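Assemble the complex: chain G is given as a structure, and chain V must be docked to it using the hints.
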Amino acid sequence: MSINVRFFASLRESLGKAEDSFELDSTNTVKDVWSRSTEGADMPVNTLCSVNLEYVDPEHTVKDGDEVAFFPPVTGG
Amino acid sequence: MISIRETHFDPWAELQAYTDKLSIKGKYGATGIFVGSMRDFNEGDDVTAMTLEHYPGMTEKYLEKIVSQANQQWPLLDSLILHRVGNIKPDDTIVLVAVWSAHRASAFDASRYIMEELKSNAPFWKKETLSDSTRWVEKNTTG
Numbered sequence: 001m002s003i004n005v006r007f008f009a010s011l012r013e014s015l016g017k018a019e020d021s022f023e024l025d026s027t028n029t030v031k032d033v034w035s036r037s038t039e040g041a042d043m044p045v046n047t048l049c050s051v052n053l054e055y056v057d058p059e060h061t062v063k064d065g066d067e068v069a070f071f072p073p074v075t076g077g
Numbered sequence: 078m079i080s081i082r083e084t085h086f087d088p089w090a091e092l093q094a095y096t097d098k099l100s101i102k103g104k105y106g107a108t109g110i111f112v113g114s115m116r117d118f119n120e121g122d123d124v125t126a127m128t129l130e131h132y133p134g135m136t137e138k139y140l141e142k143i144v145s146q147a148n149q150q151w152p153l154l155d156s157l158i159l160h161r162v163g164n165i166k167p168d169d170t171i172v173l174v175a176v177w178s179a180h181r182a183s184a185f186d187a188s189r190y191i192m193e194e195l196k197s198n199a200p201f202w203k204k205e206t207l208s209d210s211t212r213w214v215e216k217n218t219t220g
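Sequence lines, in order, name chains G and V. Sequential numbering from 1 applies to the first sequence in our numbering. Sequential numbering from 78 applies to the second sequence in our numbering.
No wet-lab data here; the hints were simulated from the structure. Computed from a predicted structure; not experimentally measured. Take these hints with a grain of salt, some might be off.
[To be verified] Among the chain V residues that face chain G by a calculated CB cut under 10 angstroms, a handful are: (1) L129; (2) F201; (3) W202.
[As the list claims (entries may be wrong)] To list a few chain G residues with every Cβ distance to chain V over 12 angstroms, as calculated: (4) S2; (5) G16; (6) S21; (7) F22; (8) E23; (9) S26; (10) K31; (11) D32; (12) S35; (13) R36; (14) D57; (15) E59; (16) H60; (17) K63; (18) D64.
Even glycine gets a Cβ: it sits at the ideal position worked out from N, Cα and C.
If we strip away everything but chain G, and leave its shape as in the complex, we get:
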């Protein structure tokens, strides 16, 4: 199945990429997507995750076509 990945703010800069895209077997979680995209790097403890524009837990299971995003704590307003 196909997964699209996006990184924002300080994570985008530290990882050196804003987007990623790859094929994954089924029954993968958001955490697995992070590992695949970062070549096994540890996820910073305060990282926030979303799937298709909704906040999710890192254990959330992804499905074909999902957009998975990772970003640091938000600082708007």
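Positioned in the frame of chain G, the structure of chain V alone reads:
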């Protein structure tokens, strides 16, 4: 209305223009307004500029969710959220939140709720420019 702005806006002119078009004239007795603007200092350092990044799509979706939650808790007649992204300077407006209700308690409480939820959960990130470096703001102040 919810709107993400990539260029400078005048919150008072925006508020006037929006209020002029409101169809609820005579129905509201209270307008609750919050305007957030950029400081030229943070954590003891001079800040000369700032870049505001966001997650297009998720930002709007999350702000709509906040307004929906506010509408479930208070009898609001209308609401307005404008938020800047892009390159900003000290004194530029970052955010305008306005709510309209029959009585003041709802206007005060709902505008505060919307701002606090926005700051805690809406996907925006600030990067500050200091005199000789840049840095990401790691967390918002508690209030």
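Structure-based check of all given hints:
Below 10 angstroms, beta-carbon pairs count as interface contacts, and V:L129 has one with chain G at about 7 angstroms; its hint therefore holds. Hint status for V:F201 relative to chain G: holds, with the closest Cβ pair at about 3 angstroms, below 10 angstroms. Interface hint at V:W202: satisfied, since its Cβ lies 4 angstroms from the closest Cβ of chain G, which is below the 10 angstroms cut-off. Even its closest Cβ contact with chain V, about 19 angstroms, leaves G:S2 beyond 12 angstroms, as expected for a residue assigned away from the interface.
Every CB of chain V lies more than 12 angstroms from the CB of G:G16, the least distance being 15 angstroms, so the non-interface label holds. Interface exclusion of G:S21 from chain V stands, the closest Cβ pair being 17 angstroms apart, more than 12 angstroms. At the 12 angstroms boundary, the C-beta of G:F22 stays outside the reach of chain V, the nearest C-beta of that chain being 20 angstroms off. Every beta carbon of chain V lies more than 12 angstroms from that of G:E23, the smallest distance being close to 23 angstroms; the non-interface claim holds.
Here G:S26 stays apart from chain V, with its beta-carbon at least about 25 angstroms from theirs, past the 12 angstroms limit. The Cβ of G:K31 lies farther than 12 angstroms from every Cβ of chain V, with a closest approach of about 19 angstroms, so its non-interface assignment holds. The claim that G:D32 lies off the interface holds: its Cβ sits roughly 21 angstroms from the closest Cβ of chain V, which is beyond the 12 angstroms cut-off. G:S35, annotated as away from the interface, keeps every beta carbon of chain V farther than 12 angstroms; the closest lies near 22 angstroms.
In this structure G:R36 is separated from chain V by more than 12 angstroms, as the shortest Cβ-Cβ distance comes to about 21 angstroms. G:D57, annotated as away from the interface, keeps every beta carbon of chain V farther than 12 angstroms; the closest lies near 15 angstroms. Non-interface call for G:E59 relative to chain V: holds, since the shortest CB-CB distance, roughly 20 angstroms, exceeds 12 angstroms. Non-interface status of G:H60 relative to chain V is upheld: no Cβ of that chain comes within 12 angstroms, the nearest being about 15 angstroms off.
No beta-carbon of chain V comes within 12 angstroms of the beta-carbon of G:K63; the shortest separation is about 18 angstroms. For G:D64, the requirement that its beta carbon stay farther than 12 angstroms from each beta carbon of chain V is met, with the minimum near 19 angstroms.
Checked against the numbered hints listed earlier, the structure breaks none of them; every hint is satisfied.
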